[in-house]
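S.K.: Each chain, letter by letter, is given below.
Number of protein chains: 4
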Amino acid sequence: MRSQSGPDPTRRSERSRRAILGAAVELLGETGYNELTVEAIAARAGVGKQTIYRWWPGKGAVILDALADAAVDVDAQMPDTGDIRKDLYAIVRPTVAELADPRLSATSRALSIETLGDEALAEQVRDRLLRPQFDAVKDRLRAAQRANQVRADVDLDQAVELIFGPMYYRWMFRIGPLSEEYANDLVDLALAALGTDTA
Amino acid sequence: MRSQSGPDPTRRSERSRRAILGAAVELLGETGYNELTVEAIAARAGVGKQTIYRWWPGKGAVILDALADAAVDVDAQMPDTGDIRKDLYAIVRPTVAELADPRLSATSRALSIETLGDEALAEQVRDRLLRPQFDAVKDRLRAAQRANQVRADVDLDQAVELIFGPMYYRWMFRIGPLSEEYANDLVDLALAALGTDTA
Amino acid sequence: MRSQSGPDPTRRSERSRRAILGAAVELLGETGYNELTVEAIAARAGVGKQTIYRWWPGKGAVILDALADAAVDVDAQMPDTGDIRKDLYAIVRPTVAELADPRLSATSRALSIETLGDEALAEQVRDRLLRPQFDAVKDRLRAAQRANQVRADVDLDQAVELIFGPMYYRWMFRIGPLSEEYANDLVDLALAALGTDTA
Amino acid sequence: MRSQSGPDPTRRSERSRRAILGAAVELLGETGYNELTVEAIAARAGVGKQTIYRWWPGKGAVILDALADAAVDVDAQMPDTGDIRKDLYAIVRPTVAELADPRLSATSRALSIETLGDEALAEQVRDRLLRPQFDAVKDRLRAAQRANQVRADVDLDQAVELIFGPMYYRWMFRIGPLSEEYANDLVDLALAALGTDTA
DNA sequence: ACCTAACCGAGACGGTACGTCAGGTCTTTCC
DNA sequence: GGAAAGACCTGACGTACCGTCTCGGTTAGGT
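Chains as they are written, first to last, in the working numbering: chain A, 1 to 199; chain B, 1 to 199; chain C, 1 to 199; chain D, 1 to 199.
Derived from the structure by calculation, the hints contain no laboratory data. Do not rely on the hints blindly, as some may be mistaken.
Unchecked claim - Derived Cβ-Cβ restraints for the label pairs, each shown as a range:
hint, chain 1, residue 1, chain 2, residue 2, range
1, A, R12, C, K49, 13 to 23 angstroms
2, A, G32, B, A70, 24 to 34 angstroms
3, C, K49, D, D157, 46 to 56 angstroms
4, C, G46, D, S179, 42 to 52 angstroms
5, C, D157, D, N34, 43 to 53 angstroms
6, A, R128, D, E30, 44 to 54 angstroms
7, A, R54, C, G46, 15 to 25 angstroms
8, A, T10, B, E180, 49 to 59 angstroms
9, C, P9, D, P102, 29 to 39 angstroms
10, D, A68, B, R54, 49 to 59 angstroms
11, C, E181, A, Q50, 53 to 63 angstroms
12, D, E119, C, P9, 39 to 49 angstroms
What the hints assert, rightly or not - A short, non-exhaustive set of chain B residues, derived as facing chain A with CB atoms under 8 angstroms:
hint, residue
13, L36
14, A43
15, V47
16, Y169
17, M172
We treat Cβ as the ideally placed atom computed from N, Cα and C, and that holds for glycine.
Please construct the entire structure, taking both the sequences and the accompanying hints into account.
M.R.: Listed below in structure tokens is the structure:
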């Protein structure tokens with residue numbers, strides 16, 4: 001027997017949904033993640049708290065939705081100029097720049113905190129926010145592999161992690177600067193591991 | 001002119017300090033980080049809340065101290081057998097295993113959440129918990145560089161990050177398994193980037 | 001000029017009306033007055049909330065209607081045997097018994113709460129629920145006055161209050177038992193005040 | 001095993017207690033009982049809500065305490081001039097006047113609503129607020145009984161109720177005016193029932 | 001036999017207050 | 001004067017209902 005109906009999604013107010021997600025990202029920019037409260041989101045959105053709790057289990061889920069919603073627009077495509085190094089520069093540089101920007105970085109931190117604290121949310125974050133970019137890079141590397149610019153025996157998942165991993169690590173623990181020079185060096189170092197030639 | 005004295009550290013109760021740190025790690029193991037409260041720590045430690053607030057600014061600082069305290073004992077030394085690959089296996093495998101262990105991993109997540117949410121704590125975490133291991137690996141790589149096992153032009157900081165970054169990235173976003181095989185492959189891939197030979 | 005129409009009573013669903021009033025009395029019996037909610041009435045009656053708010057201004061009005069509806073059947077007539085004492089016993093005893101019954105008393109309490117809290121409802125309660133009985137007793141006393149069983153100078157309103165007042169007072173503040181013996185004594189005492197003879 | 005300690009009354013802040021009770025009576029005067037909220041009391045008193053809930057189970061109990069506290073000062077003594085009629089005038093007239101005053105009456109209504117809705121509070125109200133006056137009148141009637149101004153066979157409890165009952169009844173259901181003339185007539189009528197003489 | 005106006009069930013909505021929880025501060029009492 | 005204990009003010013939590021509103025789906029008369 002299946003019942004347990006819950007609210008009826010067809011009756012959901014799109015107006016309220018957008019107001020809530022909008023208010024969430026706004027407030028996330030203005031205050032830190034820890035300072036962000038459901039009450040503030042509701043107030044800013046001009047919405048009753050119940051309307052939030054009716055559709056989301058809690059603050060983390062709202063933020064995830066808000067960020068996923070905001071990210072949809074910018075789901076950048078991976079360029080393919082034929083030169084894998086150049087293309088990686090093109091994708092890594094702006095990502096590094098984004099992490100270096102205190103404003104944009106704040107949302108990433110919020111996201112990461114959620115990810116660390118809640119396994120279910122972690123899956124959502126991984127699949128809805130990270131995966132698109134991850135797969136885009138992976139596809140580009142596969143093409144490079146076919147073009148003999150990347151060794152055939154390289155595991156492409158590990159290859160992508162070799163690029164993004166150090167970047168997030170440096171960002172997360174604030175180990176060093178996130179400059180354009182760093183982005184270039186990172187790509188060069190990774191390609192040294194992946195490339196067919198020693199150059 | 002107020003002397004801004006604050007409490008007198010010489011009169012501090014070592015008994016209370018240890019009870020608090022002990023209670024913190026215990027509770028961190030029993031419940032998640034978000035569920036951990038200062039009140040619970042005080043109650044478990046048989047201590048007044050004020051005694052915590054007298055000596056630490058907040059929950060994060062207590063946990064950091066607690067973990068740093070616990071970590072002191074295990075501050076592993078980096079081996080040096082002359083074979084850099086073998087030595088990296090020896091350090092990366094147990095680290096990966098630790099992240100794979102749900103019990104031990106929980107404390108790392110707690111740490112990371114603090115790191116993400118509080119810049120001051122991030123520095124503490126970086127310097128007191130990560131740095132020792134980081135520097136140990138860096139020293140070992142420097143030796144390898146001198147032994148011509150690592151290219152001379154490699155930036156050693158980036159080199160260390162190339163090893164630890166992907167590992168934390170995979171752990172943080174739960175991207176893939178953290179197996180011993182993964183540890184080996186990671187080291188191999190990193191050494192492909194760093195090594196003087198193509199092998 | 002707006003016609004200020006409001007809902008059209010001719011189209012009102014008698015089915016819903018009865019279901020609502022029925023649900024109200026049921027719930028009043030099951031839970032206290034304060035715990036009674038419009039939502040619960042609507043749910044129990046299988047009715048939309050709007051159907052309640054369309055026809056009644058609020059919970060109090062619904063309850064009043066429900067109780068008035070239920071009371072219609074029992075609007076007892078005052079007997080007239082010629083013996084005023086005997087007739088007063090006949091009306092006071094069951095009224096006391098009703099107040100003594102926890103089940104029936106609950107509705108009276110609900111009624112009284114409304115009365116106390118809302119002046120407009122108080123008038124309704126007074127006129128629709130109390131007045132019939134009040135006037136019946138008053139008429140009977142007038143007859144007794146004509147029969148020289150009650151002093152001619154007695155104000156009949158005050159006379160009725162002299163009987164019902166102490167009864168409700170005792171009930172309301174739970175001052176003493178509401179037994180048949182009490183009912184008899186009350187009538188005797190009141191008649192001592194009203195009667196032409198000392199007996 | 002008995003524990004379940006609850007808060008320690010010796011540590012209770014007298015300052016907060018008085019502020020809360022004061023705010024409660026103030027607000028009761030400004031708004032109706034139904035409009036009175038715990039949050040408003042806390043805000044007005046400059047007190048945390050928790051401090052209210054720590055010491056009282058809910059709004060009703062606070063109000064009861066507040067009114068009992070306020071009533072303590074005015075716990076009028078019953079005069080004894082030797083003339084029972086005159087003395088009853090002296091006590092009934094101001095009581096009627098108080099019920100006639102919309103301002104003072106509001107608190108009585110609040111009290112009564114609590115009384116009707118909560119049995120435990122009813123006992124408190126009866127014992128702490130009503131009883132003193134009730135007993136004072138009863139004592140005075142006992143003296144009158146000894147002075148042969150009241151019949152020896154009269155039950156004094158019922159006698160007191162014969163006076164207060166009609167008064168509250170008229171007030172509660174807004175049956176008629178609560179004038180000084182009414183007060184006099186009520187006393188006269190009651191004494192007709194109680195007196196040794198027919199006059 | 002259709003039309004159309006309005007009631008109906010349902011339930012989402014913006015709100016208010018609830019009673020609870022934890023934060024960080026302040027006070028009391030003891031050692 | 002530090003420490004245990006715990007009351008205090010504060011403010012967010014998640015829930016329960018409020019009274020309003022909007023949505024299809026019945027019901028009526030009225031034509």
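S.K.: Now, for every hint given, state plainly whether the structure supports it.
M.R.: Checked hints:
{"no.": "1", "hint": "R12/A with K49/C: 13 to 23 angstroms", "in the structure": "19 angstroms, holds"}
{"no.": "2", "hint": "G32/A with A70/B: 24 to 34 angstroms", "in the structure": "28 angstroms, holds"}
{"no.": "3", "hint": "K49/C with D157/D: 46 to 56 angstroms", "in the structure": "47 angstroms, holds"}
{"no.": "4", "hint": "G46/C with S179/D: 42 to 52 angstroms", "in the structure": "50 angstroms, holds"}
{"no.": "5", "hint": "D157/C with N34/D: 43 to 53 angstroms", "in the structure": "30 angstroms, violated"}
{"no.": "6", "hint": "R128/A with E30/D: 44 to 54 angstroms", "in the structure": "52 angstroms, holds"}
{"no.": "7", "hint": "R54/A with G46/C: 15 to 25 angstroms", "in the structure": "23 angstroms, holds"}
{"no.": "8", "hint": "T10/A with E180/B: 49 to 59 angstroms", "in the structure": "50 angstroms, holds"}
{"no.": "9", "hint": "P9/C with P102/D: 29 to 39 angstroms", "in the structure": "35 angstroms, holds"}
{"no.": "10", "hint": "A68/D with R54/B: 49 to 59 angstroms", "in the structure": "42 angstroms, violated"}
{"no.": "11", "hint": "E181/C with Q50/A: 53 to 63 angstroms", "in the structure": "55 angstroms, holds"}
{"no.": "12", "hint": "E119/D with P9/C: 39 to 49 angstroms", "in the structure": "40 angstroms, holds"}
{"no.": "13", "hint": "L36", "in the structure": "11 angstroms, violated"}
{"no.": "14", "hint": "A43", "in the structure": "23 angstroms, violated"}
{"no.": "15", "hint": "V47", "in the structure": "25 angstroms, violated"}
{"no.": "16", "hint": "Y169", "in the structure": "4 angstroms, holds"}
{"no.": "17", "hint": "M172", "in the structure": "7 angstroms, holds"}
Checked against the numbered hints above, the structure violates hints 5, 10, 13, 14 and 15; every other hint is satisfied.
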